[in-house]
Amino acid sequence: MLSKSMIEDVLDEACLRGADFAEVYDENTFLQETQLNQEEIEQSLTGRECGVGIRVFKGDSCYYGYTNEKSEGVIQRLTRDLTKSMKDGSMTGDFVKSGSVPGNFRMRDGLFEKKNYTMGKETALASAMPLGRRLEPAKLAIRAGMAYDEEIVRMRVKLTDMEQLVQIANTEGIYVQDQRVKTRLYMTSFAQSGTDLQSGYYGPGAMRGHDYYDRIDVEAAAREASRQAKTILHARECQGGQMSVVVDNGFGGLLFHEACGHSLEATVIARDSSEFCGKLGTQVASDVVTLVDDGSIPNEWGSLHVDDEGMPTQRNVLIEQGILKSYLVDQLNGQRAKLAPTGSARRQNYKYIPTARMTNTYIAPGDHAPEEIIGATEHGLYVRTINGGSVDPATGDFNFSAGECYMIEHGRIGMPVRGVTLIGNGGSVLKKVDMVGNDFDLRQGYCFASSGALFIDAGQPTVRISSMTVGGIG
Amino acid sequence: MTGTFIRRFSKAAYEKGIERLEFYVEKVQQVSVEVYQGTVQSSQLSEVTACLVRGAYHGFAGTVSVESFSESLFEEELETIRELAELSRTEFVASTLVPCQNKKIYTLTEPEELIRKMTESEKKVIGAYPKLKKFGQLVCAEQICTRSILNDEGVCMEDSSRHAVLEVRAEAEKNDVVQTVGSTYYAGEAGQIDMEAILSETAAETCGILGAKPVKTGRYPVILKNKILCEMLSIFTSAFGADNVHKNLSRLAGKKGEQIAAAIVNLIEEPDLAGGINNRTFDDEGTATSKKELVKDGVMQMYLYNQKEARKDGCASTGNGFKLNYKSEPEIYVSNLKLVGEEKTRAELIREMGTGLFITECDGMFAGADAVTGDFSLISKGYRIEGGEIAGGVNQITVAGNFFEMIKEISGISNDYLITGTERGAYVAPSVFVKQLVVSGT
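Taken in sequence, the protein lines are chains A and B.
So for the first sequence, the working numbering puts the first residue at 1; every next one is plus one.
So for the second sequence, the working numbering puts the first residue at 475; every next one is plus one.
The hints are simulated quantities; they were obtained by calculation from the structure and are not laboratory data.
Don't take every hint at face value.
What the hints assert, rightly or not - As a list, the in silico PhoX-like pairs of lysine-lysine whose alpha-carbon atoms are at most 25 Å apart:
| id | chain 1 | residue 1 | chain 2 | residue 2 |
| --- | --- | --- | --- | --- |
| 1 | B | K782 | A | K279 |
| 2 | B | K608 | A | K338 |
| 3 | A | K158 | B | K782 |
| 4 | B | K797 | A | K158 |
Claimed, not checked - Going by beta-carbon spacing under 10 Å, a handful of chain B positions derived as facing chain A:
| id | residue |
| --- | --- |
| 5 | T583 |
| 6 | P585 |
| 7 | R643 |
| 8 | G842 |
| 9 | D849 |
| 10 | N869 |
Backbone N, C-alpha and C fix where the C-beta goes; we use that ideal spot for every residue, glycine too.
Assemble the whole structure, with the sequences as input and the hints as a guide.
Shown next as structure tokens:
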């Protein structure tokens, strides 16, 4: 990792060349992704991602550069090139931030004492384990998934181990080092009947080392993936239209990740490109909706000790009983929108500019038993698993693809259906949430956006939306 | 830097019994600028040289990816190769490398030049469309990529490419309802992108879709715009890969020589395409690339192979062993894949359809399209077509079907070719008229 002196030299250089703010992000990450097809290693990618990102602000503009060559000469040259671009490229004319003091950073302030965040002593680091032992949970999952049913023809399991060490320092004195250890087992099960081949998945993960696999039932998780695959194989094609939609607990929370989570990120708020702009303190959802983003939950897959700007993560209540309370804010967009940062700045690695992103985002539990919600639904769709989705924050239009689904008729779960896409508008769907269950759960996944692919949790209890557009293929 | 690394690493590897080393080195230089309402949002410069090392340990293959060329990591990296070789017991097969030097000297466009062009174009177009609220996204990036494949016997194959991309999202507003349209344009370099024309076209499309509403659920004749076809090809071309055929994950298994698409459909891979953005003389395994017809007059002609899958079928690689990134194993992708057929204008296609939908955007394809089954169900927007003319905007609908069935139902192909780049290769496609797709709306 870069020495304190090298970091201060970079910050000095940026300040002397007129930057209002400068930051060094130094990364050394052990990353291993091994995919087993049946029990054969199909692909194993192991190595380190090592590099430095330099970010400077001039007014509300950001200049970013990165390199994997951590020599003093290269990093200083990169900093100079960025500041050159800053001077020549400014189009607004007046970039001088009020209160900013030009000149030598080290002489002026200097870095605070380094804060060092580490994982708990129980963390079993993958990098210190033989590959054969690391792959044991994956092989266990494959055997359990295959044994579930004779229609299961293939199991593909991807083991991801990440040990990320970052140093973040900036001209406001922040100087932190954070160790982030993650592991995940992503299981895909394929079921086949004739030429029809369908899949199910389950992907438990945590901010832990391999000690995680002693805490979960890997075989049960694999059987769950196979159960989904078999169910979808025998599902009929869904016929689309408008109907009530009941979304199961856990990763069903992705609905709210798409429907409003992205639209609450400062990236779009600062540009007035979100349907939620200017609505703080107003009713944006029905009063049974409380939406929280909390990157500080111990050991969760979407958690971090500090965000990628060095600010400790925190519990952010975004919507409370239907009232919009907060956005997710990073430093630069906070400056642009005059909002305080919320510990939400994230990036996949040093190759990305950090911006406000979600961590562990969930709908807080309500009062209804899930059976009560199903029982109160005359005709609708019951969504048990979600594959993924996306949103256009400017319009609020979102979509997501569902996996295992069933029709609900006369308050009972009926036949399974497949090929379901749910679409809607965030603002209107939030107001149509009319029942929230008491069976809260969190699940793990990835979110892909401008600052890269990030590990996130989505969660909720069972939730009912009174009416949505269901897209079908039947 | 990499030359010294290769020498020292090779020496350390041989001392540990790891031999026959191969290095895939990728150097990526990039400039990227984002402008918003006349100001620089971000300006980026980067250069990263990274490497994947392959080696043989007791005859078995192991790999490790390297971004830090420090000798202090050699022990860990060599242990990774040894461990993977021992555990996977995959036979090491050396790549057949032929000395080849196709490196071109490119320079990146200066960020200041991009900023100037972008802000000028933005200002002009905003002024020309009163209903346009703004460009919510305006990003231009240019990238030079140099790939080298080397072995420890000193053989080196080197190739380089450059491309630029402009990403635009326009927002228009009417009666407090916002509509957006996004466009992505690729070219060989930033100077070839006519920013003003692209911003104007995107602005016009966004303003034209104002007042959009859903249509009734049903089956409709549909014209899918070129960019939707490009994205679909990038997903469903995997069915031509011998890897998916071998794993029973391809709908095209056993279909060679059969009619798999309408007779007007042709799919051609051109690694030396005029205006191509992924022109390659050799693939990521060092196999020479060549022009190939995947589908001719609707009939499937061939599967695509990398070295590994070719060995299974006892045939030669088709030069399609491409990596998703420097770290990954070579899978099966394409250089530039082009859909060609008829050369009708888009207006002719719309007139021929008479009544139906012209779908200009489909989102969420990464989750809503199943590469194995071909099923797709996607949130879409576009226009209603009545009497052969555009009759109003459509949004909040899903368009669904099955790609492998849909290509049999293509009854018209336009000449409005668009090229898009993905990590799985470049795809060129025009708009197509499909007799019927399932639409869910009101």
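### 25 Å limit on alpha-carbon distance, applied to hinted pair K782 (chain B) and K279 (chain A)
Outside the cut-off at roughly 56 Å; violated.
### Task
Compare the distance between the alpha carbons of K797 (chain B) and K158 (chain A) with 25 Å, and conclude whether the hinted pair is satisfied.
18 Å, holds
### Restraint status (C-alpha distance of K608 (chain B) to K338 (chain A) at most 25 Å)
21 Å, holds
### Query
Close enough to count: is the Cβ of G842 (chain B) nearer than 10 Å to one in chain A?
Holds. Min distance 4 Å.
### Message
Interface hint check: T583 (chain B), Cβ to nearest Cβ on chain A, cutoff 10 Å. Holds or violated?
### Response
12 Å, violated
### Query
Can P585 (chain B) be said to touch chain A, with a Cβ gap under 10 Å?
5 Å, holds
### Query
Taking 10 Å as the limit, does the beta-carbon of D849 (chain B) come near enough to a beta-carbon in chain A?
6 Å, holds
### Restraint satisfaction for R643 (chain B) [CB to CB of chain A, less than 10 Å]
Status holds, d = 7 Å.
#### Entry: Interface hint compliance - N869 (chain B) to chain A, C-beta minimum distance less than 10 Å
7 Å, holds
### Query
Holds or violated: are the alpha carbons of K158 (chain A) and K782 (chain B) at most 25 Å from each other?
Status holds; Cα separation ~20 Å.
Of the numbered hints listed earlier, those contradicted by the structure are 1, 5.
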